[in-house]
Structures are given as structure tokens and as C-alpha cells.
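A.B. asks: Now for the letters of each chain:
There are 2 protein chains.
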Amino acid sequence: MAMKTVSENASFGGVQGVYSHAATSTACDMTFAVYLPPEAKTQKVPVLWYLSGLTCTHENAMTKAGAQAWAAAYGIAVIFPDTSPRGEGVANDEAYDLGQGAGFYVNATQAPWAPHFRMWDYVKTELPKLVFDELPLDPARQGITGHSMGGHGALTLAMTDPDTYRSVSAFAPIAHPTASDWGRKQLGAYLGPDESTWTAHDSTLLMREKGYPGEILIDQGSKDNFLDLLKPEALAEAAAKRRQPIQFRMQPGYDHSYFFVSTFMEDHVAWHAERLGA
Amino acid sequence: MAMKTVSENASFGGVQGVYSHAATSTACDMTFAVYLPPEAKTQKVPVLWYLSGLTCTHENAMTKAGAQAWAAAYGIAVIFPDTSPRGEGVANDEAYDLGQGAGFYVNATQAPWAPHFRMWDYVKTELPKLVFDELPLDPARQGITGHSMGGHGALTLAMTDPDTYRSVSAFAPIAHPTASDWGRKQLGAYLGPDESTWTAHDSTLLMREKGYPGEILIDQGSKDNFLDLLKPEALAEAAAKRRQPIQFRMQPGYDHSYFFVSTFMEDHVAWHAERLGA
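From first to last, the protein sequence lines stand for chains Z and B. Using the numbering used here, the letters of the first sequence correspond one by one to residues 1 to 278. Using the numbering used here, the letters of the second sequence correspond one by one to residues 1 to 278.
Any given hint could turn out to be false.
Identical copies go unnamed one by one, so any copy, or any two together, can satisfy a pair.
Stated by the list, open to error - EDC-like, lysine to aspartate or glutamate: derived pairs with alpha carbons at most 20 Å apart:
no., residue 1, residue 2
1, Lys64, Glu266
2, Lys241, Asp133
3, Lys64, Asp255
4, Lys64, Glu8
5, Lys223, Asp121
6, Lys223, Glu8
7, Lys4, Glu39
8, Lys223, Glu94
9, Lys210, Glu88
10, Lys210, Asp163
11, Lys64, Asp29
12, Lys223, Asp255
The hints are simulated quantities; they were obtained by calculation from the structure and are not laboratory data.
Hey, can you work out the whole structure from these sequences and the hints?
C.D. replies: In C-alpha cells:
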């Protein structure tokens, strides 16, 4: 078996598992978490990918986002990948927002990042192949969401490959990284100074260029301490301009924490379950 | 104001706060968390005390137990005290199950613990006085629950003072500490070798002696890795023998983790809300 069980805990009638495997795309061992709802004991279930934010591993959202209650209620699996390659041989930076814990869901082309920092391929291709081989998950029914840097990942992946990601939502996404310090620094480091290579990784630019062939759900807290870096207004404007079907909800009083994410988790799980026929 | 705000985050329409104060019972600064549901903006709400287990601070259950969703839905506040005094001047032990993080909800009489380890007084008297003075909480409607060592605290406090704690439940409580390595070690250290002083802090013994004048809810996982230390069978037998109204639920497949606690949190919050008229 290509994946190794780190732990499995009963949760809401299903199983919260943590697994590891030797990943080829990122050339290191990777750990990820999967919540399987009760239905998975007897049938393949749809999948919601949950991409996490800066500094997170697979564990933060697994323990703090309260997703399992709703995943069980709606009969959908949730997969929590790590946010970067990790380990001693893997390049890193002292800053919290570059290197390990800050993969930004791109394939790095620049030294010293290129050998391991291939989170786009890992999340989009390698990890799906593994989990669809090993677990009772239905590859024809995948949705994607995420928080902050993970919301950026979810939106860019979904707009790039809407045939795979049949539903998409985001919590406080980094919405316009090519115009933000959460983006310019990392895209420059990972992809190099030619900014034309950055545009595929900016949801505001993708929204201007092509949008998404379905409705999008975005929640953003009005008291988020990082509004200047997230730039929700750029994405909101681009979406409105192209008449993109979207529910963009500015939630009064909420900040950037998991207290915000968990508050709206049920809405997001229900959103995906409805669109994936869970 | 006697209490200092450490943080406040919007959560499920209410507020998850963390506060600190200089406690006199434990003679050190103490930190605790309070979740206030939306109703608390306009009226006093009932209170559920949640006592945590070994090694925990106020934070573990606050972030991992998923209580806020249900506290908001049922209109009840949840208070998460710390599990011991803390700080440089406070005695400690290298073991995870003695000293800081392991107060066991007793008033220590022995050196070196006696000056600070007075969690019985802190949880039962000092902290209630503070929060009822400062927050929109109704002292006439208090219930108590807890996990593991905190389940022990909840059951012993409720059976000792049922007029204050009008509802009680527990998740995988340490049910018979005077007959367990989770208990004999700590009660001996904090209260000394005279075992007659221990009996007030053992829910099985309290159940044999007097029980509780109301129905009790207890959830216990059948795959709990600490069953030998928790001894649920002793409490179950004592309760059945005295015909104590109780729902003792052995939940198949669940372990001792927060994945277990969060799974049954809604049932516990609903249990208390119903009995407290929330």
C-alpha cells in the first residue's frame, strides 16, 4: 500500500484518518488527513478538498474547522493536504510566509525551491491519484475550498480545471497575489521575476480572463486583520464585471481565525454537497 | 475591571473571549475562556462549565471541541477554565499527570502544592464570582461537564453542590480515582496519605454515598485507550445499584480524543440547555 496510516479516530460515525506517503512530485514524505463520512463504509462518496493557509499543516483545519460534523451530516469526504513539502533536505526560509508551510500551490521553477516546491502538481495530480486508488472516493464528484493562501489555491485550481473541480468556495482567500505582499514575494521567489508566469496563480486575473462555469461562494470577515493583503475588493470587482455567478459575503465582525472558518463551515460543506450530489 | 481581555473573536454570531485575572485562591494569574452566544447581547444566559483534562489549558476544548456551534444554537454560554495554577513560582513535576496541567479539581493541603493548587475553590467559588460580576450570565442556571480529569471534576462538583450545578454530564470521566493510577498518585500528593480525605473527590464513592438529584449523562468511548485508568464500570455499577437516573452511553469505536468529544458535544449542550431552560 502506497500510503501509511499515521492515525485513525472515530468521528461523527465516520473516520478521521491521517496518512503519509513518499510523494514523487515534491520528492519528500507528505502527510495528509482525510475525513470519511459514515456512508463511505458502503459506497464511494464525493470529495471536498480543503486547502489550508500560511504556516498550517494538514492538522490545523482537521482539528479546528469543525468540518467533520457537517461532512458526516451531508455525506461528503474532506481531504486536508499539507501546505508545502517538508523535511531536512527541503529548502526553507526564516519568514513564516516563504518556504515550508507556504507552498502557495504553485510549481516552483527557481532555486532553491524547484526540487521540492511543486504543490500545484501534488494537490492537483499526485495526491488525487493516491486517494482515489486507496479510498472509497468518487473522482467524478470533486469540489474544492480553502482558507487564506488555501482559498487562493482553491480558486486558482478550480478556475484552471473546472472539469475536475465541479464546485468551488473560499474562506478569506488571498484574492490578488500579484498585487499583494502575500503573493509578490512568494511568486517572485518560486516562479522568478518574469511576471507573466505569475498570472495563472492569481484569482482576480483568472476571473478577468475566464471566470468559472458555475457559482462561487466566498466568505470574508469584515474585521479580518489581513484585508490589505487579501484584497477581496479586486476579486469582487472582477467577478461583478464579468457577471460571474457568485455569492460574495462580507461577514460583519469576523476576523481571519478558525473561529470565522468554523462559523461558516456548514454553509460551505452544504454548498459543495448540493452541487456534487452528496 | 478585575478581568483583562486577552482576545475576542466573533464566532457563530456570538463572541469567543479569552480573559485573565489575578486569582487569590490559586495565588497566581489565571487565564480562562468564555463563549457568549448571540442572546447574551440582550439578556443574561445560562452557563455550561466545561472542565478540561490532563495537560490541557483553557484553549484545547475552546479550539477543538466544536462547542460554539451548539452553544450558539441553544443559547447557552460555555466557560473553559484552566486545569491548574501556572507560572514560575508555582510548583510543578516532570510527569504530565502531576502539577501544572493536572490540578485534579482539589484544594491541596500538602507541600509543595498547598500554596497554589486550590482548583476546587477556584472553579467552584472564585471564577464564578468573577464572571457573574462581569458578564451577562445567570448564576441561577449553571450546568457542568468535562472530559477525563475534567469529567471527574464535573461529577464531583455537581454531586457535592447540586443546588449550584443544576445539570451535569461528562465525557470519559476519571470515574474512580481512589482506585486508579489516575488518582491515587495525585490525591496522595495533593491531599496526603490519609485516604479518608480523598473520598470527597471520587465520583464512584460519591455515587455510592449520595448520588445526584437529577439525571446524569455520561459518554464513554469503547475504544478509549485509557479505559483501565478511567474505570467507567465502577461508576456504572454504583449508579445502577442506587437506581440513579442516568444515561450511561458506551459509544462503540470511539477513543479518548477530541474527535470523540466533538462528536457528542451537541448532545451534551442540548442536555444542559434543556435542563437550564436555555
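A.B. asks: Work down the list of hints and note, for each, if the structure agrees.
C.D. replies: Against the structure, the hints come out as follows:
Taking the closest pair of Cα atoms, Lys64 and Glu266 come within 20 Å of each other both inside a single copy (13 Å) and across two copies (16 Å). For the identical chains of this complex, Lys241 and Asp133 are neighbours neither inside a copy (41 Å) nor across copies (52 Å), given an alpha-carbon limit of 20 Å. Proximity of Lys64 to Asp255 under the C-alpha cut-off of 20 Å is found in both arrangements, the shortest distances being 15 Å within a copy and 18 Å between copies. Taking CA atoms no more than 20 Å apart as the test, Lys64 paired with Glu8 passes in both settings, with 17 Å inside one copy and 17 Å between copies.
For the homomeric pair Lys223 and Asp121, neither the shortest alpha-carbon distance inside one copy (34 Å) nor that between copies (38 Å) is at most 20 Å. For a Cα distance limit of 20 Å, the shortest separation of Lys223 from Glu8 across copies, 12 Å, qualifies, whereas the shortest one inside one copy, 36 Å, does not. When the C-alpha separation of Lys4 and Glu39 is checked against a cutoff of 20 Å, the pair qualifies neither within a copy, at 23 Å, nor between copies, at 46 Å. With identical chains, the CA atoms of Lys223 and Glu94 are never at most 20 Å apart, being 28 Å at best within one copy and 42 Å at best between copies.
Taking identical chains as interchangeable, the C-alpha atoms of Lys210 and Glu88 are never at most 20 Å apart, the minima being 40 Å within one chain and 59 Å between chains. Within a single copy, Lys210 and Asp163 get their C-alpha atoms as close as 14 Å, which meets the 20 Å cut-off; across copies the closest is 65 Å, which misses it. For the identical chains of this complex, Lys64 and Asp29 are neighbours neither inside a copy (24 Å) nor across copies (27 Å), given an alpha-carbon limit of 20 Å. For the identical chains of this complex, Lys223 and Asp255 are intra-copy neighbours only, at 5 Å inside a copy versus 38 Å across copies, given an alpha-carbon limit of 20 Å.
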